Amino acid sequence: MPLGAVHQEPALPVIQSSIDPASQQYRDNLAAFETLNCQLRQRQQQVVSGGREKHIARHLARGKLLVRDRIDRLLDPHTPFLEFSSLAAWGKYNNEAPGAGIVTGIGMVCGVPSVVIANDATVKGGAFYPETIRKHIRAQEIADNLDLPTIYLVDAAGAYLPLQDEVFPDKEHFGHSFYQQCNMSARGLPQIAAVFGGCTAGGAYIPALADEVVMVKGSGQIFLGGPPIVKAAINEIIDAESLGGAELHTYQSGVSDYLAHDEPEALAKVRDIMAKLNWRRTCHLATQPAAPPLYDAREILGIVAHDPKQPYDIRQVIARLIDGSDFQEFKPDYGKTLVCGTAHLMGYPVGILANNGVLFSESATKGAHFIELCEQRRIPLLFMQNITGFMVGRQAEAGGIAKHSAKLVYAVACAKVPRLTLIVGGSYGAGNYGMCGRGFAGDFLFAWPSSRIATMSPDIAVTVLTELRRNSISSSADQAQLQRLVEETRAQFETQSDPFYATARLWDDGLIEPADTRNLLGLCLALVALKEPAAGRWPVFRM
Amino acid sequence: MNTMRRLLIANRGEIACRIMRSCRRLGIETVAVFSAADRNQPFVAMADRACLLGPAPAAESYLHIQRLLDIGRQQQVDAVHPGYGFLAENSLFARRCVEAGFTFVGPPARCMEQMGSKDRARAIAEQAGLPVVPGYHGSAQDDQCLLTEAQRLGFPLLLKAANGGGGKGMRPVYSAAEFLPALALVRQEAVAAFGAAGVVIEKLLRRPRHIEVQIAGDQHGNRLHLFERECSVQRRYQKLIEECPAAYLTDTQRQQLYRDALRLAVAIDYQSLGTMEFILDQETGQHYFLEMNTRLQVEHTVTEQVTGLDLIELQLRIAMGEPLDIRQSDLQLQGWAMEARINAEDAGNNFMPCIGTIELYREPCGVRVDSGVARGSAVTPWYDSMLAKVVASGADRGQALAALRRALGEYAIGGVTTNLPFLRDFLARPAFSTTPLHTGLIDEQFPSGWQAAEPPLSAVIGAAVWRIQSLEGPARPSPSPSIEPSQSQSPWRTLGNWRLLHRAGWPGSTRVLLSSGEWNWELQVEGSGPSLGVSYRETRQQVEIQSFTDQAVSLMIGDQVFAFQLLSEGAHLVLTGSAGSWPFRAVPGYPAVAAGNQAPSAETTVTAPMPGLISALPVAAGDAVRKGQVVAVMEAMKLVHSLVAPSSGLAKLLVAVGDTVTGGQLLVEIEPA
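Going line by line, the protein sequences match chains A and B.
Here our numbering is used: the first residue of the first sequence is 1, the next is one more, and so on.
Here our numbering is used: the first residue of the second sequence is 1, the next is one more, and so on.
Hints listed in this document are in silico derivations from the structure and should not be mistaken for laboratory results.
Fair warning: this is a prediction, and the values are worked out from it, not measured in the lab.
Mixed in with the good hints, there may be bad ones.
Pairwise CB distance ranges (calculated) [unchecked claim]: (1) A:Glu-532 x B:Gly-366: 50 to 60 Å; (2) B:Gly-664 x A:Cys-182: 30 to 40 Å; (3) B:Met-46 x A:Leu-294: 49 to 59 Å; (4) B:Thr-662 x A:Ala-233: 20 to 30 Å; (5) B:Gly-558 x A:Pro-289: 31 to 41 Å; (6) B:Glu-635 x A:Cys-182: 38 to 48 Å; (7) A:Pro-289 x B:Ala-431: 51 to 61 Å; (8) A:Glu-236 x B:Gln-629: 31 to 41 Å; (9) B:Ala-453 x A:Ala-286: 47 to 57 Å; (10) A:Cys-182 x B:Arg-39: 48 to 58 Å; (11) B:Pro-672 x A:Leu-243: 23 to 33 Å; (12) A:Glu-236 x B:Thr-662: 16 to 26 Å.
One side only, chain B facing chain A, incomplete, derived with CB under 7 Å [said to hold, decoys possible]: (13) Leu-471; (14) Gln-489; (15) Ser-490; (16) Pro-491; (17) Trp-492; (18) Leu-495; (19) Gly-496; (20) Asn-497; (21) Arg-499; (22) Leu-500; (23) Leu-501; (24) Gly-505; (25) Trp-506; (26) Ser-509; (27) Thr-510.
So these bits of chain A aren't anywhere near chain B, every CB distance computed over 10 Å [stated by the list, open to error]: (28) Tyr-93; (29) His-176; (30) Val-417.
Cβ atoms here follow ideal geometry from the backbone N, Cα and C, with glycine treated the same way.
Please work from the sequences and hints to get the whole structure.
Next comes the structure, spelled out in structure tokens:
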């Protein structure tokens, strides 16, 4: 090297911004997305406090803390909370069960990331609706998957009896939460309960099956049968506090381990327990100092097309989420409708697969190859879904798209690295499978309010169903019947592919705004980084 | 002439450090002695050698003459410097040092003896022609005689216990009618405090000033005065602020003071540094001899600042027998110096001494600070509460005062209550800067005692932001045990209160508990990043953090900008702004609740913990019992179980000695008395 020559660092593969914030398209997109965000915030606001001011006032008058204040006090001061499915049950039961009466999420308690499952007694006394139990079990599933302790802040009236058939009997119903609780404890994952209200019958088993229990004097009650049942069954007349209050259970029955005189003390006792868990997990990812993206995340709103038929470059979205907008794109010149590449997000390595059009065979095999690479290197995967499906037609079929797309599905299904999914746009048909939809049991799945999820889009559904009807041999359809079919089909698909419809049913772990996405993904990556990596079994197959 | 190679310093704290600084410059090795309570004090580390003297009580350490001499011999020292306080004016110690062959850095023992008793010193001074406060010091003590003497002197008068001191057994009398009742009270106090009923009567001076003259005399008959000092600002009869020279003195008054001081020095052939204390009657301008201190004074620093002399060096040279090599005419006052004593004391509680550990410590720059403490120093109840002295200089009194005030504003001490807030407040008062001082000035300014002002909300918010920032990000003090031990940048640490529903009514909030002195605050801090909502009581303020480092924070609260300097360690913070400086302590938000469950408070029964035999019933039926008193003794499983009353009341026995009882059986009931 000649004197004075300097070794040149290779230029970072930084994504260049290509947006035009002055364009009509950008402004239309921005306005449309802002409307979606507003709708999301309004509905979340309803979940936090809307429509039940009287119940909240009565709850506070009893000297009880609101569920979110309990969580604020439980968590380490000034640390985040990663909440799941805040809009569960949205639009169901006349919106009488906002959030399904339960708050779940992950927060730090004495330095230990823990799943918190907290009933909201201001919502129907904390009764368990079908979505309540789904949310409860999903939170336990996350704890089980990530090896986290679970803290139950119990304040629940038990099953919502009018819907007992949708809460109690099935595999994924109430019983399963106890099954999970037992087996997580057996696996060494602490199960800690604090009892703030009544726990009757089945509800009694949440504390009864917990490793350690704190009860609040005067309000926490545990019994298999409450005073009315006791009177009916054995004609014993007794008040609730004498039957199952904190003093009885702490001093006599031993069902509870600690008595707290008020709610703050109960939360402090849970923290005392958590502080001495002998808990340590290591980060298994090679992290680097976090750096902000080069471009403003708020610009995403103007990039994402409000018309699903309008294509846009998903790299412009990626550039606004990852550290330094620095993206090492894999096979950039092959199978271009699936963008694959490695990056860091808040310092954590991540392998990103993002749709940039319909999936062809090349895109599918490229995706499978890339998953193999991440698997070998133990890099967590992030799927960014905006997919109408795999390519159809004679050419595609002749090219073997069925088997090539299957390779992507294999790889997604069997990858042992952590998998995060973010639905940014459409999540239709087999594309949902190839991009780690809910059925593929990823670690976390979140969606933007711009997302749509269904077997197919309303337009295609109308075409398909009217065609089927026309060709039906059982009866011939007149024009009016066909028109009604068109309207019904379109209405059905539009309603059911709405992101609020999806999140209400826990098809995802929550709806989020683009501006919150980087924080959220960072928190998720920090958690999956603690998972013990599984050993790979195969070399990387070129496809 | 003696040489001095190694000096034993029979003292501690700042004065030990001060002596060592001069010795270091003069090439004299130092031997520090320390008590068990002082192991970790800076003066121990600073000395060339340091020896453990004894346990914490002064009588067994710094006042223990034999041990000091033993260490001196063992360490082969040439000389002993007593500092001030402790044995500095103990003539026996001076003699024993000389007998042991050490040079005593101080006057001959005879001078100490002459000046040691107030009565004797007064008599010698009177004889030397010094004015003394008119009064009666006679032995006739009957009521009539004392009343006659009082009337002869004229009112107002001061009645004092003859053996008294420190303000005890002292009472002003303003008229003849009050005299006899006051006499009875003073006698009572005198007997109680000093064991003797004798009283003296002195003319009461109103608004007197305390002025003293520093003198130096060598072993060759040379004597100098080193000007005067004003020490009128006192609390609890102890000096707090001293300055050199004294303001509001005429040249004639000054020359009279110097002349009288030197006259007394000649009269007792004084050989060392010493101080003649006078009180000055502001109304007449007349000064009176009060007493002489035969040692170095705490406030020698102000004299050093305006004369350029090193008084410790001077003292050492005189002790070595060197003649004074300066003449009176060489000495010139240059500028003005003012000293404030920083004490661990609660000015809001009648200046009561305080103890604790200095968690935070930062001395001001640009002024002289003579201190004996550092971060981590313990302030124990064993010794004087003075931590340091701040000495500021200037061309005139105004400049010196301005420099002192600035320095006190920057002085940060956390963990121990100090008089810094008081000094800052007091020195800002016009009464200090614009009128002659007097010994009652503090009482006059604060007739019902000084009260600290509550820190302004902006400072409390500044402290809350510091607390939040110290919880956020890489500077987080206690690394979370389980999230990536190697990764301080985890979003779980850097995102603050972030909530997914932060735009929808759940900003996430952190309770911040702070205390400062008698005040406590509970604030709710909402949000994360540079924009926070801070709620205190009913008010919510929007706070923008403009900048934050370990040393400084700048905040926009509403539309006003506030900048504060920060000094923090763990939970302790000293926050300094243009409006003042305040120590804060972050209180844990979630206090650990004591382990174990308390029994229900209304418990009134004693039951058998397991099956067994009642072996004794120490109380009889109907006896009144106290909570915790043993009311039954059981034998079970080869062990004796003493069962205690869960509450106080009357015992009702339900079993008898020899009974076999089952587990859970009711044995004794406590009925309300």
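Status of the hints after comparison with the structure:
1. A:Glu-532 x B:Gly-366: 50 to 60 Å: Given about 59 Å between the Cβ atoms, the range holds.
2. B:Gly-664 x A:Cys-182: 30 to 40 Å: For Gly-664 of chain B and Cys-182 of chain A the Cβ distance comes to about 31 Å; the hint holds.
3. B:Met-46 x A:Leu-294: 49 to 59 Å: 55 Å, holds
4. B:Thr-662 x A:Ala-233: 20 to 30 Å: The hint (20 to 30 Å, Cβ to Cβ) holds, given that Thr-662 of chain B and Ala-233 of chain A are roughly 29 Å apart.
5. B:Gly-558 x A:Pro-289: 31 to 41 Å: Cβ of Gly-558 of chain B to Cβ of Pro-289 of chain A: about 35 Å, so the range 31 to 41 Å holds.
6. B:Glu-635 x A:Cys-182: 38 to 48 Å: 42 Å, holds
7. A:Pro-289 x B:Ala-431: 51 to 61 Å: 57 Å, holds
8. A:Glu-236 x B:Gln-629: 31 to 41 Å: 37 Å, holds
9. B:Ala-453 x A:Ala-286: 47 to 57 Å: For Ala-453 of chain B and Ala-286 of chain A the Cβ distance comes to about 54 Å; the hint holds.
10. A:Cys-182 x B:Arg-39: 48 to 58 Å: About 56 Å separates the Cβ atoms of Cys-182 of chain A and Arg-39 of chain B, which means 48 to 58 Å holds.
11. B:Pro-672 x A:Leu-243: 23 to 33 Å: The hint (23 to 33 Å, Cβ to Cβ) holds, given that Pro-672 of chain B and Leu-243 of chain A are roughly 27 Å apart.
12. A:Glu-236 x B:Thr-662: 16 to 26 Å: 24 Å, holds
13. Leu-471: 4 Å, holds
14. Gln-489: 5 Å, holds
15. Ser-490: 5 Å, holds
16. Pro-491: 4 Å, holds
17. Trp-492: Holds - the Cβ of Trp-492 of chain B comes within 7 Å of chain A, reaching about 6 Å at its closest.
18. Leu-495: 4 Å, holds
19. Gly-496: 5 Å, holds
20. Asn-497: For Asn-497 of chain B, the interface hint holds, since the closest Cβ of chain A sits about 6 Å away, which is under 7 Å.
21. Arg-499: This interface hint holds because 5 Å falls under the 7 Å limit.
22. Leu-500: At about 5 Å, which falls below the 7 Å cut-off, the nearest Cβ of chain A leaves the hint on Leu-500 of chain B intact, so it holds.
23. Leu-501: Hint on Leu-501 of chain B: holds, closest Cβ of chain A at ~5 Å, below 7 Å.
24. Gly-505: 4 Å, holds
25. Trp-506: 5 Å, holds
26. Ser-509: Hint on Ser-509 of chain B: holds, closest Cβ of chain A at ~5 Å, below 7 Å.
27. Thr-510: 4 Å, holds
28. Tyr-93: Per Cβ check, Tyr-93 of chain A is outside 10 Å of chain B; nearest 20 Å; holds.
29. His-176: 26 Å, holds
30. Val-417: For Val-417 of chain A, whose nearest Cβ neighbour in chain B is about 17 Å away, the distance exceeds 10 Å, so it holds.
Hint compliance for this structure: every hint is met.
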